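A.B. asks: Listed below are the residues making up each chain.
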Amino acid sequence: MSNIINYGISETLKALFIQLKETPGLDGNKYHGKDVEQISQNLVCRNYGSVCYELSFLCWAVVNHPNYSSSPLLSFFWIDENIQPKRFRQAFKQPIHTASGQVSMGDDYLQLKLGDIEFAISPTRIGVLAVMLELTASIEPGQLTTIEKLLVDGNSQAIKQVSSNLQKLIYSYLKEHIPEASTQERFRAISGWLKQHNLTAPKLTDQDVLNFWLSPPAQPSYIKYSTVLDDLLDAITAIDVVENTFNADYALSLGSDSEQGEIDAQWVQQTVFEQADNHSDLNWLCQSPKFLTLTQYQPMKSLLSHGKLARQLPLSFLRLNIFAGWQSVLVQAKRKSPLVLADKLQQSPTRQYQDYVAELNDSESHCKQVQQVIAHIFYSLNNPLFVGIMLKQMPTDLQQTLKIWMRAQIANTTESGANHFLQIQQWLSQHPKAQFWLTEAANLFKNNNKDGFKKLPSVAELDIYQDGSEALDQCQELVARYLLVIAKLNHQNTQLAEIYRSDLSIFSSRFKQIYGAPHA
Amino acid sequence: MPDHQYHIQEQLFTAKTLYRELHQRTTEQLKSSTSWVFNDLVQLAQGNPKVDAPQLMQHINQSIVLRRQYMQLLQKLAFANSPVQAAASSVAEISSRKSAEFELLFKRDKQFSGQVYVILKIPHSIEKHHNQGVRVNCCSDKLISSVHFPPIEDGKTQLLMEESDQKFINMFDAEFAIYLS
Chain A
272 MSNIINYGIS ETLKALFIQL KETPGLDGNK YHGKDVEQIS QNLVCRNYGS
322 VCYELSFLCW AVVNHPNYSS SPLLSFFWID ENIQPKRFRQ AFKQPIHTAS
372 GQVSMGDDYL QLKLGDIEFA ISPTRIGVLA VMLELTASIE PGQLTTIEKL
422 LVDGNSQAIK QVSSNLQKLI YSYLKEHIPE ASTQERFRAI SGWLKQHNLT
472 APKLTDQDVL NFWLSPPAQP SYIKYSTVLD DLLDAITAID VVENTFNADY
522 ALSLGSDSEQ GEIDAQWVQQ TVFEQADNHS DLNWLCQSPK FLTLTQYQPM
572 KSLLSHGKLA RQLPLSFLRL NIFAGWQSVL VQAKRKSPLV LADKLQQSPT
622 RQYQDYVAEL NDSESHCKQV QQVIAHIFYS LNNPLFVGIM LKQMPTDLQQ
672 TLKIWMRAQI ANTTESGANH FLQIQQWLSQ HPKAQFWLTE AANLFKNNNK
722 DGFKKLPSVA ELDIYQDGSE ALDQCQELVA RYLLVIAKLN HQNTQLAEIY
772 RSDLSIFSSR FKQIYGAPHA
Chain B
18 MPDHQYHIQE QLFTAKTLYR ELHQRTTEQL KSSTSWVFND LVQLAQGNPK
68 VDAPQLMQHI NQSIVLRRQY MQLLQKLAFA NSPVQAAASS VAEISSRKSA
118 EFELLFKRDK QFSGQVYVIL KIPHSIEKHH NQGVRVNCCS DKLISSVHFP
168 PIEDGKTQLL MEESDQKFIN MFDAEFAIYL S
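Chains A and B supply the protein sequences, listed in that same order.
Residue numbers for the first sequence follow our numbering, so the first one is 272 and each next one is one higher.
Residue numbers for the second sequence follow our numbering, so the first one is 18 and each next one is one higher.
Honestly, the hints are just simulated from the structure, not real lab data.
Treat the hints loosely; a few may be bogus.
Simulated DEER-style distance windows between Cβ atoms [stated by the list, open to error]:
no.	chain 1	residue 1	chain 2	residue 2	range
1	B	N148	A	K674	33 to 41 Å
2	B	F129	A	P609	44 to 52 Å
3	A	L760	B	N148	56 to 64 Å
Example chain B residues on the side facing chain A (calculated, C-beta under 10 Å, incomplete) [as the list claims (entries may be wrong)]:
no.	residue
4	L29
5	E38
6	H40
7	V59
8	Q60
9	Q79
10	I81
11	L83
12	Q89
13	R125
Derived DSSO-like pairs (lysine-lysine); straight-line CA-CA distance at most 30 Å [to be verified]:
no.	chain 1	residue 1	chain 2	residue 2
14	A	K357	B	K67
15	B	K93	A	K431
16	B	K67	A	K561
17	B	K93	A	K439
This one's a predicted model, so the numbers in the text were calculated from it and none came from an experiment.
Every residue, glycine too, gets a C-beta built ideally from N, C-alpha and C.
With the rest of the complex left out, here is chain A:
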């Protein structure tokens, strides 16, 4: 009972993913956190078939590249590190003609042609594909030589063979490191409990969550509040999604390969990660460029993880952010000694709900600030995208004025984008509030010494700033809406403190029950 229960994923696989993010390259970390995240999503959704296929084509192009005749994969991906779009394009500048096929770099894609088969690879995919190859080589370093042997002067059959080998390799690795029995058991227990209590997603309340934790089903044993919240919400979301979109007329068609009754892994990945209420881990915002520090990101993490359910269950998330930490301390203390444990049981958390709310407010204003800095960057590089950012961040009355003016401009003119930018600049110069906002943005940029903000990036590097801005939008929106709900709860400024006192006694006594007994 005192161990951290490892539900499914092996320590090795977890450590592997940490190392994928941190392994050093020519300049800082070799791989971008976002690309590693992407591959991790592919793996947990079992949606790695098409990535392997795409990677196989890429390997074929590299193996048959005249500049890379000796240990081509090692040289291309590890020595030269052609794993960013710019370097990738440069590496394939010259077209390649071999007996088995041709490769040429177009404007948007690397075009491959083998006999009848044509395949296109976007340079924007190179990061993700490189991570996949790194994963493969880390599982079985000998694979690189195997791939090279198969693909040198290989045809499309050889590529298919490599793709199949890669998939098999990953399949057996996952089988070893992610046994599915435990997640199946948990889902069975939770969906049973939900049915028993006649609960669907819209009906779930904070009290339900607390009740589940206070008296969980017999099997499996749920002890940590954080796991209860995560599992309950993940399960209810999954059930909800399927019930809402399931079409009874096409019983097998939803998310499934109807011929084989299998589940379409691509659909799973899209549904879980790629929809509007997207639940990805945004830890990469703290990487390079450093949009946020970990301290600024941390309070938002749980809200990001569960999206809109957070504002349906505001108390549950307050409880998570204050009491889950206490529980971790108790788990550790139990391992040390009964004295330490007794001591920690007496020490209630140093932070209360108000403190967490204050942290969220801080995070939100940091997001706003960084957005302003990003707008400055786009503005300075004459990139009209700054308007979109500015529109969301500037005062509402100014927003309205600008929107109305822009609509009129677009309706009245057929001029090119460059002229639009100049016109916007002119408009801005006539509105002191807008000028003020931009000056403020410039100052914030000057004072920002974080990685990626010390000097203006080049135009070629702007993609990540745009990604960052979109992610920050997501954070801001979630946090703002959550805080609104909390404010309503706390409308007399007293409720939050009262609820905290009551929760403190509930959690205290439950923790004493779980951890206080001399023998677990």
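Here the structure of chain A is known, so what remains is to put chain B in place on it, guided by the hints.
C.D. replies: Coordinates of chain B only, in the frame set by chain A:
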């Protein structure tokens, strides 16, 4: 088809929960298990000082497969090497190693017995030797040990070591091949 619906729900739950688990790191996990990726081996073979060499060497020496992999990388990427010395005499220890590209020798410290200065001379060093130093890998069938020397200045660099240090002993053991990064 309720069973199929259940199965889909279960897949969605599984994907989400596994993803969450994959990215959860507790402080215990950070301390206890470390892993390596292929790139770490390549970087180590290239003498990149940013690699956690002791950790990685531990992994390498625990696996014959990994050792072979690392050896292959060294053979492809090393700046210079000195092979296992032919048994010229019955003595396995040698006092220096020499090749066209480098010389490795040692001098005993006059003041502190038990300590030695290991001197590495590279007359035609490359830029990274000036910037990041040189890694010396000593490889036998059963073991690989690895030492990082400070940046080269005026064609040489040196390291103070204990004479009893196995890593020092390996450098001058005829049964070990040397690879420089």
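A.B. asks: Hint by hint, note whether the structure agrees.
C.D. replies: The hints, checked one at a time:
1. N148/B - K674/A: 33 to 41 Å: Check failed, 53 Å falls outside 33 to 41 Å.
2. F129/B - P609/A: 44 to 52 Å: holds, 49 Å
3. L760/A - N148/B: 56 to 64 Å: With a Cβ separation near 58 Å, L760/A and N148/B satisfy 56 to 64 Å, so the hint holds.
4. L29: Holds. Min distance 4 Å.
5. E38: This interface hint holds because 5 Å falls under the 10 Å limit.
6. H40: For H40/B, the interface hint holds, since the closest Cβ of chain A sits about 5 Å away, which is under 10 Å.
7. V59: This hint holds: V59/B lies near chain A, its Cβ roughly 5 Å from the closest one there, short of 10 Å.
8. Q60: This hint holds: Q60/B lies near chain A, its Cβ roughly 6 Å from the closest one there, short of 10 Å.
9. Q79: Cβ of Q79/B sits 13 Å from chain A, so the hint is violated.
10. I81: I81/B check fails; min Cβ-Cβ to chain A is 13 Å, beyond 10 Å.
11. L83: holds, 8 Å
12. Q89: holds, 8 Å
13. R125: Violated: closest Cβ of chain A sits about 36 Å from R125/B, beyond 10 Å.
14. K357/A - K67/B: holds, 25 Å
15. K93/B - K431/A: Roughly 29 Å separates the two Cα atoms, so the pair holds.
16. K67/B - K561/A: holds, 21 Å
17. K93/B - K439/A: holds, 29 Å
Hint compliance for this structure: hints 1, 9, 10, 13 are broken, all remaining hints hold.
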